[in-house]
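Per UniProt numbering, the sequence shown starts with residue 1, numbered consecutively.
In case anyone wonders, no lab produced these hints; they're calculated from the structure.
Be a bit skeptical, because a hint or two may be false.
[Claimed, not checked] Derived DEER-like restraints, expressed as beta-carbon distance ranges: (1) M576 x E411: 21 to 27 Å; (2) T170 x E443: 40 to 46 Å; (3) G222 x K353: 19 to 25 Å; (4) E443 x K125: 34 to 40 Å; (5) K391 x E229: 46 to 52 Å; (6) P390 x Q360: 27 to 33 Å; (7) G222 x T170: 39 to 45 Å; (8) M499 x G112: 56 to 62 Å; (9) E142 x I369: 56 to 62 Å; (10) E229 x R66: 23 to 29 Å; (11) G515 x G105: 48 to 54 Å; (12) G41 x E183: 18 to 24 Å.
[As the list claims (entries may be wrong)] Result set (BS3-like, lysine-lysine): computed pairs, CA atoms no more than 27 Å apart in a straight line: (13) K289 x K359; (14) K12 x K191; (15) K205 x K324.
Please read all numbers here as calculations on a predicted model, not as lab measurements.
For each residue, glycine too, the CB sits at the ideal point set by N, CA and C.
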Amino acid sequence: MVLMTGGEVVAKMLAKEGVDNVFGIIDGTYFGFYSNLQKHGIELISPRHETSAAHMAGAYARVTNRLGVCMASNGPGVANILPGLVVEEAEGNRVLCITSARRTGIMYPDRGGTYQCFDQTATIKQFAKWSEAVPSFDRIPEMLRMALRKCYEGRPGVVHLDIPENIMNTKVNCDIHFWEPSEYRMLELPKASNYQIERTAQLLKSATFPIIHAGSGVIHAGAKSELTEVAEKLQAMVTTSWAGRGAMSEENPLMMPMVHIEANNNVRNDADVVLVLGSRLGETDWWGKAPYWNANQTVIQVDLEPSILGANKPAELLIQADIKAFLQDLLVALNNNDFDQPVDTNRQQLIEKHLESKKQHRKKLNEHIADKNSPLNPAQIPHLANKIFPKNTPLVIDGGNTAIWTNFYYEVNDEMPLLSTFKFGMLGAGLGQALGAAVAKPEQPVLCIIGDGAMGFHPQEIETAIRNNLHVVFIVLCDKQWGMVKMNQHFALRPLKTMWKKTLDPHESINADLGEIRFDKVAEAMGAHGEFVDSIEKLENALRTSISVGKCTVIHTEVDPVKHMWAPGLRYFKDMHAEPKGK
1 MVLMTGGEVV AKMLAKEGVD NVFGIIDGTY FGFYSNLQKH GIELISPRHE
51 TSAAHMAGAY ARVTNRLGVC MASNGPGVAN ILPGLVVEEA EGNRVLCITS
101 ARRTGIMYPD RGGTYQCFDQ TATIKQFAKW SEAVPSFDRI PEMLRMALRK
151 CYEGRPGVVH LDIPENIMNT KVNCDIHFWE PSEYRMLELP KASNYQIERT
201 AQLLKSATFP IIHAGSGVIH AGAKSELTEV AEKLQAMVTT SWAGRGAMSE
251 ENPLMMPMVH IEANNNVRND ADVVLVLGSR LGETDWWGKA PYWNANQTVI
301 QVDLEPSILG ANKPAELLIQ ADIKAFLQDL LVALNNNDFD QPVDTNRQQL
351 IEKHLESKKQ HRKKLNEHIA DKNSPLNPAQ IPHLANKIFP KNTPLVIDGG
401 NTAIWTNFYY EVNDEMPLLS TFKFGMLGAG LGQALGAAVA KPEQPVLCII
451 GDGAMGFHPQ EIETAIRNNL HVVFIVLCDK QWGMVKMNQH FALRPLKTMW
501 KKTLDPHESI NADLGEIRFD KVAEAMGAHG EFVDSIEKLE NALRTSISVG
551 KCTVIHTEVD PVKHMWAPGL RYFKDMHAEP KGK
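Construct the entire structure; sequences and hints are all you get.
What follows is the structure, encoded as structure tokens:
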């Protein structure tokens, strides 16, 4: 028999799962948990806000392909972490959230007037993969094993286990057999059948113009190299969802980066066979519908999550399988079917046509690069950062128009982790994501390009970076406005004047303007390095200094507010919210 708190039981089980970091803020209601983390080789990393803890766990999971764990205390702590959990579930990051609850007997159900009490599990259950409360000490191992199974079932997302404070903190004489992970969850993920692999190979081999559409499932599966090898073997062009950017290097000529939206639509319309890997074909993929996709193409869809298969676009072949294992098996089948023959002339001509379209669109986009005026053209910032930061630098993108400019002017490769809230568009998440990425990649700087509106949500996390010695570089694009919303307002209120003058007078907008925050000075007040930039020359110097200084740096960049508002591709983003007319 051993004397243990419920919290130590949880800590010991997490250690057996290989967890080495937990993100969260301390509180007496789960002292029995976090006070035992270090004893079991787990480091507690504390942000300034629980929402950031969820984003840190999500980013850590995405960068490492491991489990991210966060914690929050009952009542206010759980209320604070909710926004982060909603986002991490939407983004599909593997996050386990451990929370405390008020003592048994006064909660579940609420006795009436219980302090710091609300139905935490019912609230989180509305959006998470799984959310339950532990009713007694003896059920902790069983229920945590269930939670860990849920973490690894199907599409990654948020799993929540709620433990009352008296169960978490009270020491109990117990005799617990701590199971190995292989004893309670499958370590080998589902694979495709031989028939499914052979049928996929046949369909791809007989196609005139096959393409591959890659979602974030490729990244979660760690299947970047396999995707590239299959694409090159087939000489098939690759498109991605926004969240799938980075699944294949955009330097590869077979890759059609998502930013070339019209060219993407043309590629998808020319395709007679599409291999969909780890993508839901959601709204930002136009639901897979015409006129953005060929309505008559043959679809093969592969995903870990069975509920996604065939949900938005009909398919010839639906396969529940781990993407990495599937691609490895497909490569064997393609090699056995002698796929080294010369590429069909028509296919090569179509590839060259689409590459030319990409080239012309990039040429048009690069007109912004020639603009070296002050305040800065927003395109200059991601463009120059892309040239100066190492190729494998983790990149975090946060903001409205800032996210658009960065996506369009930062070339993504398969060596760099890319983080954003592609599916949820959550402002302010980038600060926590950057910290989580820095914990995952402590040997190099992490770059976060963020708007001043988004930076205003959680600037206190600069201190978290300093306290934990995390080398994060925040480039804040400052236009002192809610630019994306302002643009929509201007077209709604005075469309002709907006087209003519490019902007309206300040009194013609509704609460769209912001006061100035000197984020470089804010950073210095918290011990970070700050830089103020209003020219190309200063920007280049600041970027190089941010790498060499070796600690958290905030670069306040003044951007032209009108140019910033007119971000590229805006009409496509507007179209995205209208239902496609085709099937």
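Evaluation of the provided hints:
1. M576 x E411: 21 to 27 Å: Roughly 23 Å apart at Cβ, these two residues keep to the hinted range, so it holds.
2. T170 x E443: 40 to 46 Å: At roughly 41 Å between Cβ atoms, E443 and T170 fall inside 40 to 46 Å, so the hint holds.
3. G222 x K353: 19 to 25 Å: violated (33 Å)
4. E443 x K125: 34 to 40 Å: holds (39 Å)
5. K391 x E229: 46 to 52 Å: violated (20 Å)
6. P390 x Q360: 27 to 33 Å: holds (30 Å)
7. G222 x T170: 39 to 45 Å: holds (41 Å)
8. M499 x G112: 56 to 62 Å: holds (59 Å)
9. E142 x I369: 56 to 62 Å: Holds - the Cβ-Cβ distance for E142 and I369, about 59 Å, lies within 56 to 62 Å.
10. E229 x R66: 23 to 29 Å: Since the Cβ atoms of E229 and R66 sit about 24 Å apart, the hinted range of 23 to 29 Å holds.
11. G515 x G105: 48 to 54 Å: holds (50 Å)
12. G41 x E183: 18 to 24 Å: holds (20 Å)
13. K289 x K359: Satisfied, since the Cα-Cα distance of roughly 26 Å is no more than 27 Å.
14. K12 x K191: Violated, at roughly 31 Å.
15. K205 x K324: holds (20 Å)
Of the numbered hints given earlier, the model fails hints 3, 5 and 14; all others are met.
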